[in-house]
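Enquirer: Take these sequences, add in the hints, and give me the full structure.
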Amino acid sequence: MSLAGTTGVLDAIRADAASTAARRKRRLRAWLLPWLLLAPSLFFLALFTYLPIARVLVESLYDRPHGTGAAATFVGLGNYAKVFADPAFRQAAANNLVYAVGVLVPTLVLALSFALAVQRSTRFSAVLRTVFFFPSLIPLVAAASLFFFIFLPDVGLLDYYLAKVGVSGPNWLGDSDIALWSVIGLTVWKNAGYYMLFYIAGLQNIPRDTIEAAMIDGANAWQRLRYVLLPALAPTTAFVLVIALIQLLTSVDHVIVLTKGGPSNATNLVLYYIFQSAHENFEVGKAAAATLMSVAVLLAISFGSLRVMERGAGTDR
Amino acid sequence: MRMRRHLSAALLAALLCAVAFLWAAPFLWTLVASFRPEGAGSADMASLWPAFAPTVDNFRNALDSGSFGLYYLNTFIVVAGVLAVQCVTVSLAGYAFARLRFPGRDAVFYAFLLQLMLVPPALIVPNLATVVDLGLYDTLPGVMAPYFASAFGTFLMRQTFLGLPRDFEEAAAIDGAPWWAIVWYVLLPMAKPGLIAFAIVSVTAHWNEFLWPLMVISSPDNQTLTIGLAAFTRGAEGGKEWGVLAAGTLLVMAPLALAFIAFQRRFVDSFVFSGVKG
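Just so you know, the protein sequences line up as chains A and B, in that order.
Going by my numbering, 291 is the number at position 291 of the first sequence; the sequence numbering is gapless.
Going by my numbering, 1107 is the number at position 107 of the second sequence; the sequence numbering is gapless.
If you're looking for bench data, these hints aren't it; they were derived computationally from the structure.
This list has only true hints and no planted wrong ones.
Straight-line C-alpha distance at most 25 Å; calculated SDA-like pairs for lysine to any residue:
1) A/K25 x B/R1105
2) A/K25 x B/P1178
3) A/K164 x B/E1241
4) A/K82 x A/A72
5) A/K260 x A/A85
6) A/K25 x B/L1100
7) A/K25 x B/I1174
8) A/K260 x A/N281
9) A/K82 x A/R55
10) A/K82 x B/M1215
11) A/K260 x A/G185
12) B/K1192 x B/Q1159
13) A/K260 x B/L1250
None of these values were measured; they are calculated from a predicted model.
Expert: Rendered as structure tokens:
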């Protein structure tokens, strides 16, 4: 009896220990599981997003002569000084500013105009929407190929039809005063339809009552746009502005294909400058310094916009 | 008054048509030029008027002069490889952020979102060094690797999972199903629209990508379509081979363009969502 009782107690203790172990195991698993699930993503993010920042930070401080096998020498901020002193970089930075403003203003105006024009769900609107959106679907390289022939002197699409109305066009890509604007034109054509989509979505989120109330109050089309639609679309505009800026600063495919930054650096952009320093001139230190600067600009844009968007967050996304 | 209303509506429609024509002109020209016989006289090559006797010679020449078959294959491998790995990484991470509670979750989530700002093109220089260190220079996996983790995809899957009711998972959990069975058999089938939206954006982005593959790839055998087209464009300088170049450009755009025309709604919805990622 007493023996049986002891076994019972022992059993109970054993069972209790087992369940504690099982609970501990379960708790460990529950603690581990999220990190196991995140591990594959975190591994690649570390390798190709976080580590690169540290890498350029270090590389930008050293001078590593290409191909000589000589050891890297610490130069402090020497690479930054070199980049700033490089007229090509200064021109690229200035070009980027002109390029960004030159693309953004017409792109946003066109995107909103397109959206207003095709927002109704008729067949006609659907066709137009497709036409306007289509350029954003093709590779930027393909767009560059198309515009290569559009801009070709004398026999290109543009000059051919300008000649029909008696205008002789300039050398669209060869004239250093005009080349950047030709590249801007291509980019506007390529991107406007993409941002149109966001304005269409934004317009659909505006309650019909608001617009109808304005109409009853006798507001004309322009007043409705100025005092009702534009304020309601402000979050959309802020948002489009940010993604457009990031996109503009990180794509130079068309420059590589069409102009290679020329003539005489007229279409050089910062990312192209980085590409050229690294890929063609093998100046790793300079490329790293320039990369770090553009990373700083990208972060500044994003964090700056985060605050703007938080302010407008009540009405949209 | 009514008359004026009609007139302005008609004027607006006419203006719209004119702008739409302008927007479509580069594509119309590509179509026309790619089917125009070579001997049609180079002076009128810019004409938008189609040739009387269309020919497919330009396409044949384009296919012969570039290794388009190989480029298609390489591009397909890159696009499919990136998407396959991404589907795993973003589903797992999306599930963790949507359904599991753990310390540091918000901080890690913000660390993920950093990739939306520091997009891979901005980091081509250090990433190329990493790819070289890993021995992946001039290989297709080297082109794919920086995209295996996707902040946008993770965010999209998280939103998708958050939008699903918990009832099914709870029922499965009571029946003793492990987490992976719940993800695979319960959540993923319901999250298909999210995955498809992500797939469309991912495939489009990597089909069209140029700068990064241009840096990683050096041998002709590993080139993708966009690199081949760029080389082709530079080779066609002088403008004698317009028809062939137009045909080549069409060949590069065709698969995505056809998919877009077939699934227009899905594409547009996906792209709207892709922008909402911020």
